Amino acid sequence: MILDTAFAPQANLGLRILSFFTTGAFFVITLFLKLCYSTALYATLAEISRRIALFRQTRRPALRALLLLPAVVVFCTTVLFALNLWRVVFGSLNLKGFTQAFNPMDVIWVFLRAGFFLGAVALGAVLGLMVANHVTVGRDRFGGVLYKNRGRYLAFWFAAFSVCGLFRLLPWGFVTYWTVWAVVLAACLVTAAHWSIYARVRSVAAAPAAGLPAGGEIAFVLPAREAVALSGLLRGRGARDAEALARSLADPDPAWLAHPAWTAELRVLVQDPSALGAALEGLSAKGLAVKHGTGWSPAGHAARLRLMGFAETAAGLTVRKGGAARTVVLHRQGPSALLLETGPATLGVRELPLGADAVAALLGSVDGGEG
Amino acid sequence: MAEFWKDGWQEDAFDRLRGFIQSSPAWYENLSPSDVAEDAYLLGVASTLFLRDEDAGAKASPAPSSAAREAMKLAPLGVPPFTYERSLVAGGDASASYAGSAQGRFGALHEEAARRAGSQDRWAAGLDAMRRAGALGAQWPKAEPLHAPPVATFGEDMRACTRAVLRKALHAFKIGFGLWGRWESP
Amino acid sequence: MIETRLSLGEARYLLQVLDLKLAPESPLADPLGGAAEVPAGSTAEAGVTKSLTSRGLLLSDGAPNPFAAAAMVWLAQPEKAWTLSLFGRGGAAMVHLAFKGGSAVECRRDAEGFLLRYPLPEAEAEGWLRLHLDGGPHDS
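Line order of the protein sequences matches chains A, B and C.
Position 364 of the first sequence, counted from 1, bears residue number 364 in the numbering used here, the numbering being contiguous throughout.
Position 39 of the second sequence, counted from 1, bears residue number 39 in the numbering used here, the numbering being contiguous throughout.
Position 12 of the third sequence, counted from 1, bears residue number 12 in the numbering used here, the numbering being contiguous throughout.
Hints are supplied without guarantee of correctness; some may be wrong.
Said to hold, decoys possible - Taking beta-carbon pairs under 8 Å as the criterion, some of the chain B residues facing chain C (in silico): (1) ALA94; (2) LEU136; (3) ALA152; (4) LEU166.
Said to hold, decoys possible - Below, simulated SDA-like cross-link-like pairs (lysine to any residue); rule was C-alpha separation at most 25 Å, straight line: (5) LYS142(B) to GLY343(A); (6) LYS100(C) to ARG116(B); (7) LYS142(B) to LEU22(C); (8) LYS80(C) to HIS259(A); (9) LYS321(A) to GLY300(A); (10) LYS80(C) to SER119(B); (11) LYS100(C) to SER119(B); (12) LYS321(A) to VAL38(C); (13) LYS100(C) to ALA138(B); (14) LYS148(A) to GLY165(A); (15) LYS142(B) to ASP110(C); (16) LYS100(C) to SER60(C); (17) LYS142(B) to GLY34(C); (18) LYS321(A) to GLY34(C); (19) LYS148(A) to PHE154(B); (20) LYS80(C) to ALA124(B); (21) LYS168(B) to THR30(A); (22) LYS321(A) to ALA46(C); (23) LYS80(C) to SER54(C); (24) LYS321(A) to SER42(C); (25) LYS80(C) to PHE154(B); (26) LYS291(A) to GLY343(A); (27) LYS148(A) to LEU166(A); (28) LYS34(A) to GLY118(B); (29) LYS142(B) to THR23(A); (30) LYS21(C) to PHE154(B).
Rather than coming from a laboratory, the hints here were simulated on the basis of the structure.
Just so we're clear, the structure is a prediction, and the values are computed from it rather than from any experiment.
Where is the CB? At the ideal position from N, CA and C, for every residue including glycine.
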């Protein structure tokens with residue numbers, strides 16, 4: 001008994017030292033893992049915000065960016081899911097529960113919990129396809145592919161991710177399951193939606209453009225004022241009256257204001273209805289516009305010009321020599337090519353015959369004016 | 001005496017270790033103020049990632065796409081090659097190319113360069129400096145058109161995305177290791 | 001073919017060392033026309049000369065490389081200049097070609113400054129245009 005009491009504190013001290021070092025080692029290891037995981041999460045979130053900023057700036061995302069977003073989302077979700085895996089699959093079960101009396105109901109619960117996650121995956125994929133179906137994919141003026149998208153599904157994922165991350169830090173185990181479930185759903189939604197949009201954008205980008213149908217080749221020269229009026233006519237669908245045209249010109253299409261001097265013409269057309277009427281009559285006399293009742297719509301060569309819609313590539317060649325400059329722009333779509341020459345006073349548009357050498361025509365057109 | 005100590009130590013230690021391991025999954029349920037402080041610190045450090053350029057530490061530029069690589073094989077322009085390397089070796093060829101340039105036989109730009117060099121030595125020194133800087137090329141290079149790049153394949157896109165995400169994660173792990181900036185030369 | 005990269009500051013410094021005035025046709029006139037000179041003896045000048053020397057554009061005695069000097073003459077005072085602006089799926093790009101006496105210098109503007117390639121015979125200018133518009137020589 002004497003020995004017992006005499007050596008007991010010493011035994012406790014050894015135990016305490018061992019316990020201290022084991023606890024310390026485990027603490028350092030988990031601290032390191034937590035640091036790495038959390039930093040990786042913040043880093044990927046930073047990447048997402050950077051990509052979203054790029055999307056907003058250019059509105060012309062590279063095809064690859066459409067895949068990068070779901071890749072980042074899936075990575076972040078996987079890390080968060082792994083951090084919560086034990087809690088969401090095994091719930092309040094711990095290793096002690098496995099070593100002790102075995103409750104068959106617990107096993108059923110584990111399967112139910114895991115199975116419910118498959119439901120989130122399937123539902124997310126279906127919702128993603130439905131969301132992507134409502135996203136418009138189209139081409140812009142210079143052959144870029146656009147998709148207009150408010151990105152609400154990204155906000156949904158981000159909110160689910162934040163809530164889930166919050167509840168991972170808080171000690172309320174019962175909310176973890178459903179927040180992780182929502183994150184998995186949101187991640188599958190984003191992935192399915194973006195893969196579907198990627199496939200559609202890709203098919204548009206890779207498809208060769210058909211070009212203009214055979215017909216009378218476009219060739220006209222217009223004074224600047226009539227060219228600006230024509231730009232308003234070409235923007236709309238169907239016949240539009242002079243007031244609607246003036247309203248449309250008040251918010252002009254910058255691609256048509258090719259020459260600085262044209263801005264003044266635009267102002268005159270917006271402010272003076274008689275000037276707009278005269279310009280439309282001038283277009284009508286050249287066979288480029290036609291009047292239906294009170295409305296005007298493009299006709300002849302102008303109607304054919306609107307058929308073209310977009311250019312796959314546009315190349316502007318400016319030649320400067322002896323203080324003078326001359327610019328000719330070549331628009332190409334498939335086999336069709338248009339040459340546009342914009343001056344301070346006139347706009348010339350000429351369609352090249354099918355199979356013509358567009359580069360030689362561009363050079364000839366620039367040099368013709370030069371010589 | 002020693003045996004008593006040893007037995008007691010073993011029994012107690014295994015018991016404590018087992019308890020420690022078994023209770024570990026529930027650690028997160030006992031968050032202390034120090035855990036919160038740690039997360040706040042992380043948020044502060046990691047949020048500086050928002051200000052960093054992800055490509056600043058990239059080792060190599062991305063490989064050109066398959067279509068671009070095919071196109072690079074063609075000789076794009078019929079510019080007659082001017083054999084700069086030949087002019088570097090002192091002797092007949094170098095004298096001939098300098099004299100030819102000075103007389104305008106290799107174009108106006110070479111004529112101007114020869115006039116500005118003034119002597120064959122300076123002409124050769126200029127060419128040698130260009131050669132050492134890697135500026136001399138045998139033929140006109142064909143650059144990938146930036147305005148109409150070839151459409152990359154799905155596999156190329158997927159690999160590039162995975163690589164970008166993993167590189168960012170590695171970046172974060174480097175910070176976790178505390179080796180930021182010293183990874184290359186520890 | 002010589003291919004050289006120049007930053008805006010380096011181009012400005014070469015112009016001032018060579019005492020070249022920018023003609024209205026010059027492709028450099030837009031970015032460099034209003035740029036302030038690099039002050040002599042400043043740390044900015046030391047940095048510019050160091051990077052120019054490391055890339056072979058200044059010789060060891062500090063004088064400009066005659067080839068770089070000739071290219072700067074072409075860019076600053078061309079007889080004729082082409083500006084090719086390209087738009088497409090990937091965005092926009094702009095390349096200049098400065099002609100003088102039957103030779104030309106290509107100048108591409110990018111975020112870091114200029115990328116110069118020279119000399120291009122004037123007879124090859126059409127081939128150069130095809131290279132940018134069609135991606136290669138015309139087959140037919």
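Now the hints, each set against the structure:
The restraint placing ALA94(B) at the interface with chain C is violated, with a minimum CB-CB distance near 15 Å, outside the 8 Å limit. At about 6 Å, the closest approach between the beta carbon of LEU136(B) and any beta carbon in chain C falls short of 8 Å, and the interface hint on this residue holds. With its C-beta approaching chain C no nearer than about 11 Å, ALA152(B) sits outside the 8 Å limit, and its interface hint is violated. The beta carbon of LEU166(B) is not positioned within 8 Å of any beta carbon in chain C (closest approach about 26 Å), and the interface hint is therefore violated.
Straight-line distance between C-alpha atoms of LYS142(B) and GLY343(A) comes to about 33 Å, which puts the hinted pair past the 25 Å bound. This hinted pair checks out: LYS100(C) and ARG116(B) have alpha carbons roughly 16 Å apart, not beyond 25 Å. A C-alpha spacing of about 29 Å is found between LYS142(B) and LEU22(C), which places the hinted pair above 25 Å, so the restraint is violated. A C-alpha spacing of about 22 Å is found between LYS80(C) and HIS259(A), which places the hinted pair at or below 25 Å, so the restraint holds.
With a C-alpha separation of about 37 Å, the suggested pair LYS321(A) and GLY300(A) falls outside the 25 Å cut-off, and the hint is violated. For the hint pairing LYS80(C) with SER119(B), the CA-to-CA distance comes to about 30 Å; that exceeds 25 Å, so the pair is violated. The straight-line distance between the Cα atoms of LYS100(C) and SER119(B) is roughly 23 Å, inside the 25 Å bound, and the hint therefore holds. With a CA separation close to 29 Å, the supplied pair LYS321(A) and VAL38(C) exceeds the 25 Å bound.
Between LYS100(C) and ALA138(B) the CA atoms are separated by roughly 23 Å; this keeps the pair inside 25 Å, and the hint holds. With a CA separation close to 30 Å, the supplied pair LYS148(A) and GLY165(A) exceeds the 25 Å bound. A hinted pair counts as satisfied when its Cα atoms are at most 25 Å apart, and LYS142(B) with ASP110(C) qualifies at roughly 17 Å. Taking the CA atoms of LYS100(C) and SER60(C), the gap is about 29 Å. The hint is violated against a cut of 25 Å.
Restraint check: the Cα-Cα separation between LYS142(B) and GLY34(C) comes to about 33 Å, which exceeds 25 Å; the hinted pair is violated. At most 25 Å may separate the alpha-carbon atoms for a hinted pair to count; LYS321(A) and GLY34(C) meet this at roughly 21 Å. Annotation: proposed proximity of LYS148(A) to PHE154(B) holds, straight-line Cα distance about 22 Å (limit 25 Å). In summary, the hint linking LYS80(C) to ALA124(B) is not supported, as the alpha carbons are separated by about 30 Å, beyond the 25 Å threshold.
This hinted pair checks out: LYS168(B) and THR30(A) have alpha carbons roughly 21 Å apart, not beyond 25 Å. Our distance criterion of 25 Å between C-alpha atoms is broken by LYS321(A) and ALA46(C), whose separation comes to about 36 Å. Using a Cα cut-off of 25 Å, the hinted pair LYS80(C) and SER54(C) is violated, with the two alpha carbons roughly 32 Å apart. Taking the CA atoms of LYS321(A) and SER42(C), the gap is near 37 Å; set against the 25 Å cutoff, the hint is violated.
Pair hint LYS80(C) plus PHE154(B) does not hold up; C-alpha atoms about 44 Å apart against a cutoff of 25 Å. As the CA atoms of LYS291(A) and GLY343(A) are separated by approximately 28 Å, the hinted pair breaks the 25 Å bound. A distance of roughly 32 Å separates the Cα atoms of LYS148(A) and LEU166(A); the hinted pair therefore is violated under the 25 Å criterion. A threshold of 25 Å between alpha carbons decides the hint, and for LYS34(A) with GLY118(B) the separation of about 68 Å lies outside it, so the pair is violated.
Between LYS142(B) and THR23(A), the direct Cα distance comes to roughly 63 Å. Violation of the 25 Å bound is thereby established for this hinted pair. Proximity of LYS21(C) to PHE154(B) is assessed by CA-CA distance (about 51 Å); at most 25 Å being required, the pair is judged violated.
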